[in-house]
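Novice: Listed here are the chains, written in short residue letters.
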Amino acid sequence: MKSENKTSAWTPLDRVGLARRVAQDIPDGWYVNLGIGVPTLVANHVPEGREVVFHSENGILGLGPGPETDKINPWLVNAGKQYVTLVPGGSYFHHADSFTMIRGRHLDLCVLGAFEVAQNGDLANWTTATPGAAPAVGGAMDLAVGAKRLWVVMDHSTKEGKSKLVRKCGYPLTAPACVKRVYTSLAVLDVVSEGFRVVGMVPGLSFEELQSRTDADLFPLA
Amino acid sequence: MKSENKTSAWTPLDRVGLARRVAQDIPDGWYVNLGIGVPTLVANHVPEGREVVFHSENGILGLGPGPETDKINPWLVNAGKQYVTLVPGGSYFHHADSFTMIRGRHLDLCVLGAFEVAQNGDLANWTTATPGAAPAVGGAMDLAVGAKRLWVVMDHSTKEGKSKLVRKCGYPLTAPACVKRVYTSLAVLDVVSEGFRVVGMVPGLSFEELQSRTDADLFPLA
Amino acid sequence: MIDKFVNSVAEALEGIKDGATILVGGFGAVGQANQLIDGLIELGLRDLTVVANNAGYRQIGLARLLQLRRVRKIICSFPRIAGSTSFEDLYRAGEIELELVPQGTLAERIRAAGAGVPAFFTATAAGTDLALGKETREIDGRTYVLENALHGDVALVEAWRADRWGNLVYREAGRNFNPVMATAAALTIVQTQHVAKLGEIDPETIVTPGIFVNRVVHVPYGDPLIML
Amino acid sequence: MIDKFVNSVAEALEGIKDGATILVGGFGAVGQANQLIDGLIELGLRDLTVVANNAGYRQIGLARLLQLRRVRKIICSFPRIAGSTSFEDLYRAGEIELELVPQGTLAERIRAAGAGVPAFFTATAAGTDLALGKETREIDGRTYVLENALHGDVALVEAWRADRWGNLVYREAGRNFNPVMATAAALTIVQTQHVAKLGEIDPETIVTPGIFVNRVVHVPYGDPLIML
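Protein chains in written order, with the numbering used here: chain A, 10 to 231; chain B, 10 to 231; chain C, 7 to 234; chain D, 7 to 234.
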C-alpha cells in the first residue's frame, strides 16, 4: 500500500485539520462526548455562534476549555484526566447518572478514535490484544452502543501504511455495527449497507486513489 | 370466636397504645418507614433520647411531626399525602433513589398494617380483591421485600371477630414469608419456623385465651 | 444558542399525538404539571396511555383528563383520585384499562428506560398476583421477577426553577417521579415556577441536567392546592 | 443520638477482614479516599478484592496497596496506574487477577447492588470479548448481556462535607463513583474534608443521604495532587 505523504497533488489532514473538519459538522445545541486524543481537540474548533455541550464520563456536563497552568482546579478533570473548566450551565452528577446519559441514548453524538472500522460499522478501538498486556476498556463500549450517533476520527492508515478502514475488523470489537461516519485524514465516509459511502475527500484526491489506499468497499456519493 | 372487648380481666390496646408499644422497640439510630394508619402514629411515640429517622416513599428522609394547620407547607407531604415537616439532617431525593433505599435493604425497619399475617410470615395487606373494585398497591410490595425487618401492627381480630393471624392467608399476598414480628391489640408475636412465638400479651390475658382467639399455631416464649 | 424556553403551554405540547404514552410526574397534589395536563385537554388529545403514581385529585389536571375519557390506559401504583370516585366508576364501567405496578417497580422501570436497561430483575411482587405471567428466576436462593423498561413518548415534568439549557431543580416533595420521568421520554416537557439565568443554579445542586429536557415553559402558578 | 463520626482512620476501618471486597471511589487522582486506603495498608489487610475505576496513580493510596501485593483481584474498567507500570508488572507476573468491566456497566452493577436489583440487561459489550460466557438475550431486535449486581463488603468514599447523620456532598469531579458505591456496601466508610452541623447542608442539595453511610472520619487533606 502506498504511503499517504508521498504525493504532490493532495495533503492529508493533520490532527488539528481533522478536529476542525469534525467540528464543522456538529450543529448548535448538540450534547457531545469526545474520546481521548484527536476527538478531544474537536472542542477547540466548534464554529462561533454554536453552543455545543460537552459531556465527560466522570460526571460532568458543560466542559469548558483547559485552564492556564497557573489556574488549574485540581478537582476538575475530564475522562482523559486532563484539567478542564466548567461553562455556565454546566452540572456535576455521579457515575451512574453519567452513564444513564450515555447508555440511555441521550447524547446526540460521540466522537471516538479507532484502530479499525469495518464497512458494516464494526468498531475496534479498545485493545490490540497484545499478549501479556493488561487490557483496559474505560467507557468505550458504553459510548459505542449508547450515543445516538457514533463518529470515528482517525488517520486513514497506520504508520505502517495499513488501511484502518477494513472489510472485517482484525482487532477485538468494541461494539458491532455502531459507527455511522468516519473522518479520516483523507476522507469523510458514511457507513451504509453496501460499505463506506465517500462524502468528501481532501482536495486533489481522486476516488480511485482513495480506494487504492483503502481495504474496504467504497462507493462514491451518488 | 369471642369478641375482644367482652372481658373483665384484660383490655386490648387501642390505636395509640399499639403505636406506643411498637415505638418502644425501635432503637436509637434506626431508619424506619411507617405505613398508613396506626403505623404512622408510631412516630409520635418514640421514647425521648432516641433519634429515629423516618423515611417516606415520595423522596423524604427525616420526616418530622405534622405541622399546625396554619403552618402547613403545601410542598411537603408524606406517602399518605398528609402534611409533614422535615427535621434538621433531613433530605429530599427522587423516587428511584427513594426506592433504592427501600428495595436495596437500607431501611432498618418497616412497620405496616395488614389484613392478615400467616404463621409462615406471609403478608396480605394490599387488596381484599373485591370484585369490580380497582386494586391499588402503592409501595407495599416494595417495602415488604425490601426492609431489613418488617413488623406488622394490627388489631388481633377483624370487627367481625375473625382472627387476623392465620395459618394461610385468604387474601392475595403482598409478599411471601416477609413478616418478622406482629404487634396486635392483644399480643406481640415473632414469626418463627413452627408458627407464632408469643413474646408478650396485654396484662391479664392468658396464653390459652390468646390461642383460643387465634386461627394460627402459637408457641409460648420458651 | 440553546434556549429551551417556549412561550406557551400550547407551544410546549406541539406535536404530541393521539395514542401517545405520557409520563406524568407528581405525588398526590404535589409536583404535578397541571397546566401542561390542562393543555393536553385543550388540544383534545385522546386514546392516551398515562403513567403516573396516582390517578389525580379532585376535578383538576390528571383527574379531569381521565374523567373526560381521554385516557385509554393508566399505568400506576395507586389508581385513586383523591376526593372523587371517578376512577373507580370508569374502571368498573370498563372504560379504562389499568396496569397496576408496585411503586418501586414503577420508578425502577422508568429509570431503566432512561438508563438504557431494557429489563431487570426485582424481588418486588415475586410470589404475588402482580407477578402472574411474568418471567421469574431464582438468584442466590431468592425468587425475582423480570420487569421491562417503561418508556414514554412524552414526559410532563414540574420543576421549581429552570434555566435556558433546561437544567432543573425541584422543591421538597415536588421532586418525586419528576427527575426519573425526565430521563425516560422521547420528548420531555417542563413547566417551571421560576426562571434562572444560565449559570445561576449552582452546578453541584442541579437535579436534572438539561440533556434530559426538550422544552420548558414558565408557569408561575404558586403553591399546590392544600387538601385537608 | 446518631453520630457517625469516629476519631481516627483506624477506628473507621475497624472490623474489615482479609479477603474483603472493597469498593473504592475516585476517578484518576480526584475523589479517592487515600487516607482510608493508607489505613488499610497499615492494618496489613491482604487478599483483598478491589472494585475501582482505575488502579491508582504514582506510588500512593490504591497504587501502593497493589504494589504491596495486598490485592488478589481488581475489578475495574481501566486498570492502569498513572505514572507507573506496576500494575502491568503484577498482571504479567500473574500476581493479580483482573476482571475488566466497561465503565458504565461497572457503575450500573454497583448501582444495582445498592438498589436491590440482582441482575439487569445491557447493550454494552454485546458481541464483544467482554461478553464471552455471559447470558445474552434479544429484546426488541437488539442483543443484550445479562450483568450481575456488584456488592462490596466495604465502600471507601471521599466526600467534601459531611454531618453527623452521614449526609454527604461532594466537590466537582470528586463525586464520580463515590455516591454510587456508598449505596452498595455492607459497611460504608467516608473520609470528609469538612464537617457540617446537622441541618447546615441544604436538604435539597444532599447527594448521599446518611442512610447509606456507617462511619465518617474527618480528614482535611486539601486538594488532590496535580498531575501534569
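Watch out, some of these pointers could steer you wrong.
[To be verified] Derived list of chain D stretches under chain B, where covered just means 3 residues or more per stretch with a C-beta under 8 Å from a C-beta of chain B:
hint, segment
1, 16-25
2, 29-37
3, 92-105
[Unchecked claim] Straight-line distance between alpha carbons at most 25 Å, and here's what the computed BS3-like set of lysine-lysine pairs gives:
hint, chain 1, residue 1, chain 2, residue 2
4, C, 79, B, 177
5, D, 203, C, 140
6, A, 177, D, 140
7, C, 203, C, 140
8, C, 140, A, 157
9, B, 171, B, 157
10, B, 157, B, 177
11, A, 157, A, 171
12, B, 157, D, 23
[Said to hold, decoys possible] Take a look, some chain A residues computed to stay more than 10 Å from chain D by CB distance:
hint, residue
13, 19
14, 146
15, 154
16, 177
17, 184
Read the hints as simulated data drawn from the structure, not as lab findings.
For each residue, glycine too, the CB sits at the ideal point set by N, CA and C.
Novice: Test the statement that residue 19 of chain A is away from the interface with chain D: the closest C-beta pair must be farther apart than 10 Å.
Specialist: Per Cβ check, residue 19 of chain A is outside 10 Å of chain D; nearest 36 Å; holds.
Novice: Quickly compare the C-alpha distance for residue 203 of chain D and residue 140 of chain C to 25 Å and report which way the hint goes.
Specialist: Cα-Cα ~48 Å, so violated.
Novice: Checking the smallest CB distance to chain D, is residue 177 of chain A really beyond 10 Å?
Specialist: Holds, since 13 Å exceeds 10 Å.
Novice: Is it the case that residue 184 of chain A keeps its Cβ farther than 10 Å from each residue Cβ in chain D?
Specialist: Non-interface label on residue 184 of chain A violated, nearest chain D Cβ at 7 Å vs cutoff 10 Å.
Novice: Residue 171 of chain B and residue 157 of chain B were given as a pair; does the straight-line alpha-carbon distance stay at or below 25 Å?
Specialist: violated (30 Å)
Novice: Between the segment 29-37 of chain D and chain B, are there enough contacts, at least three residues with CB-CB distance under 8 Å, for the coverage claim to hold?
Specialist: Since three or more residues must qualify, the claim that chain B covers the segment 29-37 of chain D is violated, with 0 doing so at under 8 Å.
Novice: Between residue 157 of chain B and residue 23 of chain D, does the CA-CA distance stay at or below 25 Å?
Specialist: holds (23 Å)
Novice: Is the nearest CB of chain D more than 10 Å from the CB of residue 154 of chain A?
Specialist: Residue 154 of chain A is in fact no farther than 10 Å from some Cβ atom of chain D, at 4 Å.
Novice: Quickly compare the C-alpha distance for residue 157 of chain B and residue 177 of chain B to 25 Å and report which way the hint goes.
Specialist: Judged against 25 Å, a Cα distance of about 23 Å means the pair holds.
Novice: Can you confirm whether the C-alpha distance between residue 79 of chain C and residue 177 of chain B stays at or below 25 Å?
Specialist: violated (34 Å)
Novice: Given the hinted pair residue 203 of chain C and residue 140 of chain C, is their alpha-carbon gap at most 25 Å?
Specialist: violated (48 Å)
Novice: Classify the label on residue 146 of chain A as holds or violated, using whether its beta-carbon is more than 10 Å from each beta-carbon of chain D.
Specialist: Nearest chain D Cβ is 5 Å from residue 146 of chain A, so the label is violated.
In the structure shown, a violation is registered for the earlier hints numbered 1, 2, 3, 4, 5, 7, 8, 9, 11, 14, 15, 17, in ascending order.
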